[in-house]
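Novice: Sequence:
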Amino acid sequence: MPFDEEDVQLATRIKALGHPARLAIVRALLGAPDGACRCRDIVRDLPLAQSTVSQHLKVLREAGIIRGEIEGPRSCYWLDTQALAEVGEAMGGFQRAVAAKTAEPVGACE
Numbered sequence: 001m002p003f004d005e006e007d008v009q010l011a012t013r014i015k016a017l018g019h020p021a022r023l024a025i026v027r028a029l030l031g032a033p034d035g036a037c038r039c040r041d042i043v044r045d046l047p048l049a050q051s052t053v054s055q056h057l058k059v060l061r062e063a064g065i066i067r068g069e070i071e072g073p074r075s076c077y078w079l080d081t082q083a084l085a086e087v088g089e090a091m092g093g094f095q096r097a098v099a100a101k102t103a104e105p106v107g108a109c110e
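Residue numbers for the sequence shown, in the numbering used here: 1 to 110.
In short, the hints are calculated from the structure, not lab data.
Wrong hints could be hidden among the right ones.
[As the list claims (entries may be wrong)] Between beta-carbon pairs, the in silico distance windows are:
#	residue 1	residue 2	range
1	Glu104	Gln82	17 to 25 Å
2	Ala85	Asp4	14 to 22 Å
3	Ala100	Leu48	39 to 47 Å
4	Ala99	Ala49	22 to 30 Å
5	Ser54	Ala100	12 to 20 Å
6	Arg38	Lys101	27 to 35 Å
7	Ser54	Thr81	33 to 41 Å
8	Gln9	Ala99	37 to 45 Å
9	Gln95	Arg27	17 to 25 Å
10	Gln55	Val8	19 to 27 Å
C-beta atoms are modelled at their ideal positions from N, C-alpha and C, and glycine is treated no differently.
Can you build the whole structure from these sequences, using the hints too?
Specialist: Structure representation (structure tokens):
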């Protein structure tokens with residue numbers, strides 16, 4: 001049975017967020033005064049090589065977490081706030097489901 005397209009997209013986005021460097025990039029973009037950062041600004045703020053940061057940006061872009069624009073040698077990135085909101089809503093749904101499970105299963109796995 002194939003997986004639901006929305007679940008595949010959610011898993012892709014969660015996987016993209018599952019690295020400390022990529023979380024740092026998202027936080028940098030969240031904290032940017034104008035909502036966008038140049039690649040060089042992100043590189044300056046992280047203890048990683050430019051090529052490594054570029055690879056992480058590519059993963060985030062392919063997952064739809066960020067958007068980007070290249071103008072000559074400059075690259076500018078910003079968050080896709082709708083995509084992040086969708087991830088947050090899905091995680092909130094999981095959190096509510098877990099909170100509703102107040103008892104340990106009894107005999108379910110015997």
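Novice: The structure should be examined with respect to each hint, and the outcome stated for every one.
Specialist: Evaluated hints:
1. Distance hint check for Glu104 and Gln82: the Cβ-Cβ separation is about 38 Å, which falls outside the suggested range of 17 to 25 Å.
2. Distance hint check for Ala85 and Asp4: the Cβ-Cβ separation is about 19 Å, which falls inside the suggested range of 14 to 22 Å.
3. Between Ala100 and Leu48 the beta carbon distance is about 40 Å. The supplied range of 39 to 47 Å therefore holds.
4. Range check, Ala99 to Ala49: Cβ separation about 42 Å, and the 22 to 30 Å hint is violated.
5. Separation of Ser54 from Ala100 is about 42 Å and departs from the stated range, judged on CB atoms against 12 to 20 Å.
6. Range check, Arg38 to Lys101: about 45 Å between beta-carbon atoms, so the 27 to 35 Å window is missed.
7. Ser54 and Thr81 have their C-beta atoms about 22 Å apart, which leaves the hinted 33 to 41 Å range violated.
8. A hinted range of 37 to 45 Å is violated for the C-beta pair Gln9 and Ala99, which are about 25 Å apart.
9. Remark: the range hint 17 to 25 Å for Gln95 to Arg27 is upheld by a beta-carbon distance near 21 Å.
10. In this structure the supplied range 19 to 27 Å holds for Gln55 paired with Val8, their Cβ-Cβ distance being about 22 Å.
The structure is inconsistent with the numbered hints 1, 4, 5, 6, 7, 8, although it conforms to all the rest.
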